[in-house]
Each structure stands twice: as C-alpha cells, then as structure tokens.
Amino acid sequence: MLQLDLHPSPLGPCPANVGGAVTAGNQDADGPLPGSCAPITLETMTTTPDRVYLDHAATTAMRPEAVEVMHAELLRTGNPSSLHEAGRRARRVVEESRELIAERLGARPSEVVFCSGGTEANNLAIKGLYWSRRSEDPRRDRVVFSSIEHHALLDPVTWLAAHEGARIDVTPVDRQGRVRLDSLRESIEETPGDVTAITTMWANNEMGTIQPVREVVEIAREHGIPVHSDAVQAAGYLPLDFAATGLDAMTVTGHKLGGPVGIGALVIRREVTATPLLHGGGQERDLRSGTVGTALIAGFATALDLTIQEQERSSVRIEALRARLVEGITRLIPDAVVNGDPETGPQHRLPNIAHVTFPGCEGDALLMLLDAQGVEVSTGSACQAGVPQPSHVLLAMGFDDAAARGSLRFSLGHTSTEADVDRLLEVLPAVHERARSAGLVRSRGR
2 MLQLDLHPSP LGPCPANVGG AVTAGNQDAD GPLPGSCAPI TLETMTTTPD RVYLDHAATT
62 AMRPEAVEVM HAELLRTGNP SSLHEAGRRA RRVVEESREL IAERLGARPS EVVFCSGGTE
122 ANNLAIKGLY WSRRSEDPRR DRVVFSSIEH HALLDPVTWL AAHEGARIDV TPVDRQGRVR
182 LDSLRESIEE TPGDVTAITT MWANNEMGTI QPVREVVEIA REHGIPVHSD AVQAAGYLPL
242 DFAATGLDAM TVTGHKLGGP VGIGALVIRR EVTATPLLHG GGQERDLRSG TVGTALIAGF
302 ATALDLTIQE QERSSVRIEA LRARLVEGIT RLIPDAVVNG DPETGPQHRL PNIAHVTFPG
362 CEGDALLMLL DAQGVEVSTG SACQAGVPQP SHVLLAMGFD DAAARGSLRF SLGHTSTEAD
422 VDRLLEVLPA VHERARSAGL VRSRGR
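Counting in this note's numbering, the sequence shown runs from 2 upward without gaps.
The hints are simulated quantities; they were obtained by calculation from the structure and are not laboratory data.
Do not take every clue at face value.
Here are the simulated distance ranges between beta carbons [what the hints assert, rightly or not]:
1) G282 / G329: 48 to 58 Å
2) P110 / E344: 29 to 39 Å
3) R435 / E104: 46 to 56 Å
4) E328 / R435: 15 to 25 Å
5) R332 / N80: 23 to 33 Å
6) G329 / R140: 51 to 61 Å
7) H72 / E434: 45 to 55 Å
8) H152 / P173: 14 to 24 Å
9) P110 / L75: 16 to 26 Å
Here a beta-carbon is modelled for each residue, glycine too, at the ideal position from N, C-alpha and C.
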C-alpha cells in the first residue's frame, strides 16, 4: 500500500499538508490544528445508511484507505512532468503507483498506461490497434469481438465500421453467455490475414460469466493476431496475470475496485504498437497525452492493492451472500429464473453477480419499486440505464424480448452484508406482486 505522511489527531490520522495550499482555519505555525480533520471510515463516507446498495457492478464504495491517500495528494501541488521538487515528488507517487499496479496485475510497470477510465482504455485499445495494424497492411480491416461486449467496446467497434471502413465479425455466445470457441476459430481461420484485433471481455458485466480468455489467445497466437480483454469486472474477483495469459492489451478501472471514478489503465505490451487517440505532451509512452492525476492514480493503486490482497477471502464471503440471496429469491418467487453459469470459480462465474428473470414483470418496474423501498439494484449495465431496449447481452444469449425486459442484476461488493440481502428478501414479495399486476394490466391493454 502507498505510505501516507500522517499527523496525529484526536479524531484519528489525517494527511499532513506537504507542499500544498492551506486555509487559515486549519493551520497554525506548527502545522494543522489538532482535531482539524475527522478519520475517514465507511461510516463517515455513507450518506444514505438506511438504504441497501446491491449495484456494485456499476460502481462500488470507495475504500477509506484510498480516500485518505487521495486526500493527502489533493493537498499537495506538483505536476509530475515538472523538474522541480514538487514535480519530482508527484512523479514518485505516480511511478510507485504504476509499479504497484503492475505487480498486482502480472505486468511490467512500463506496460501500464493511465487513462480516464475503462471507456477510454477500451477505445484506445481497439481503435489504436485497428489504425496501427491497418497502416502496416491495408488488408487488415476486420475486428473480431464477442456479442456480449460492454458498450464501451461495442460502440467504438461500430464507430470504426461507420467511419473507418472496418468490417466487424461478431462471435456468438452460448446460453450461459460464454464465447463459442468453435465459432471464433472458424471465423479467424477463414481469412486470418485481414484481422486487426480480437477483443473478448474477461467477465461479463451483466451475467458474471467468465470467458475463456487463455483459449482465445491460443487461437489468435497461431496467426499473430493481437488480443485485448476488458477486465473491468474481473479485476476485483479473479487473480489476473497479464503476462501469463499472453494478452496484448487489458483494460482495468478504479471505481469498480473501491477507487475513484475518472482513472483506469490500459495494460499493453511494450512490443505492441497502437495509434494514440490524444496528442499533446507525450505522456504515458506517447499513447495518452495529458497531465496525469496524481491523486486519482494514488487512490486507484491503493484500492487495487487492497482488493487483491483480500480477494480470496472476500470472494468466499461474497459468494456466500450471493447463495443466500439466490436461495431466498427462488424460495419466495418460485418461477424466478437465475441466469448464467450456475457454478462459481475462475472458469465459470464471478462470485458477486446474480442475474434473475421474473416472468410477467418489467425489470424497470421492479427496479423502481425496490428503489422506493430503499433497495438499489440494476436491470443491467449502468451505462445503458434508462434505455428502453432490452439488453443486447440477453438477446445474444437467446432470451426473447419479454425475458430480457423482465430481468434484474443483483451485484454484491466489499461493503455488502447479510442484512442487505435480508432487507431485499423482506421487501421483494410485495414488490414482485405489484410489478406482476402492472405487467398483466399492460399486456391486456395491448
């Protein structure tokens, strides 16, 4: 974990102000006034303690340790690209964070390229590889990707098709939401010389289904095709080893791990050439120009480090909570259907996601009724919230429109408790009855 420069306070440790601006109200000649800041805990960070949050796959609560590290850095001044002491100090924080992230992900520090988040990292990966590989050989104009990718990859690929003449090849999935390797191999081996890149997410954000990333890499390696994987959902619950998988690029982000929103990384092999999206000062191997956010990076590294240290123990605890949730739902709502892979583990499913279809109900109605009872869940990807179309992930898995619209995603995280699950189960029967009645009324009116 990154080390903080802390000063004592009757209320707990507080970051010392080193090299940064202070206000008259919290500073005297000898440093910050005793008691001028309160300790940061999950309790002090929680603004709605009476509510139950079961949408951790969208974003999860920041870890207090990450907040403390960021607090310390936000009180300091220094551009990491500057040569004076303040700049050198900021650069040390950035590079120590980079080394920590690389170590935890099985990568070299020089392979970690900081970005604003998962969406930018995915765009840099797929567009950067496409432009670079096509400039080397104009015949390379095909992008191969799975039918269940997050819109942060789906939309860049369709943009390349609309604006850059890319041909897109969609790999189908099975009923559990797992890439069909036979279809992928057949697609690639037909004309391998025209493929710019293959992208397959490590774990699906709606189902939690884990993809056969190593097998995809083996197929691609036979033809020298680079492979990218969006590991945004996987990083918190699976041991990731970038070098061991043979991947060429991998996306991770901070806010899914208890870090801040606005920071992520594209882990990309030094030997891989990608065309940058942004041009400017040449930061981040000239792949992502722009002044890097020292505080964001420090918070990201701290959260990732803690998450991976606790990963094995946390996964067991969260899987038990999920089992409690699933057992309760299927007992209270007998016709509810739990989707995806029923098994957990590195080859099957993430431990924190339960995706459930409620026949005869609209997912949006269930969501809003649960929200009114203080329980927060999702109908799928938060990036598609409010969009009336059924999930493209569920349709790709063979669900019909009604089933796709009548589903909820329950996702647990590091702050989840048995009390959270029990509160959901307490209010769900009445919520389900109201949603089902509303669905029947609508169906009669059609």
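Cross-check of the supplied hints:
no. : hint                    : result
1   : G282 / G329: 48 to 58 Å : holds (53 Å)
2   : P110 / E344: 29 to 39 Å : holds (36 Å)
3   : R435 / E104: 46 to 56 Å : holds (50 Å)
4   : E328 / R435: 15 to 25 Å : holds (23 Å)
5   : R332 / N80: 23 to 33 Å  : violated (57 Å)
6   : G329 / R140: 51 to 61 Å : holds (55 Å)
7   : H72 / E434: 45 to 55 Å  : holds (46 Å)
8   : H152 / P173: 14 to 24 Å : holds (18 Å)
9   : P110 / L75: 16 to 26 Å  : holds (24 Å)
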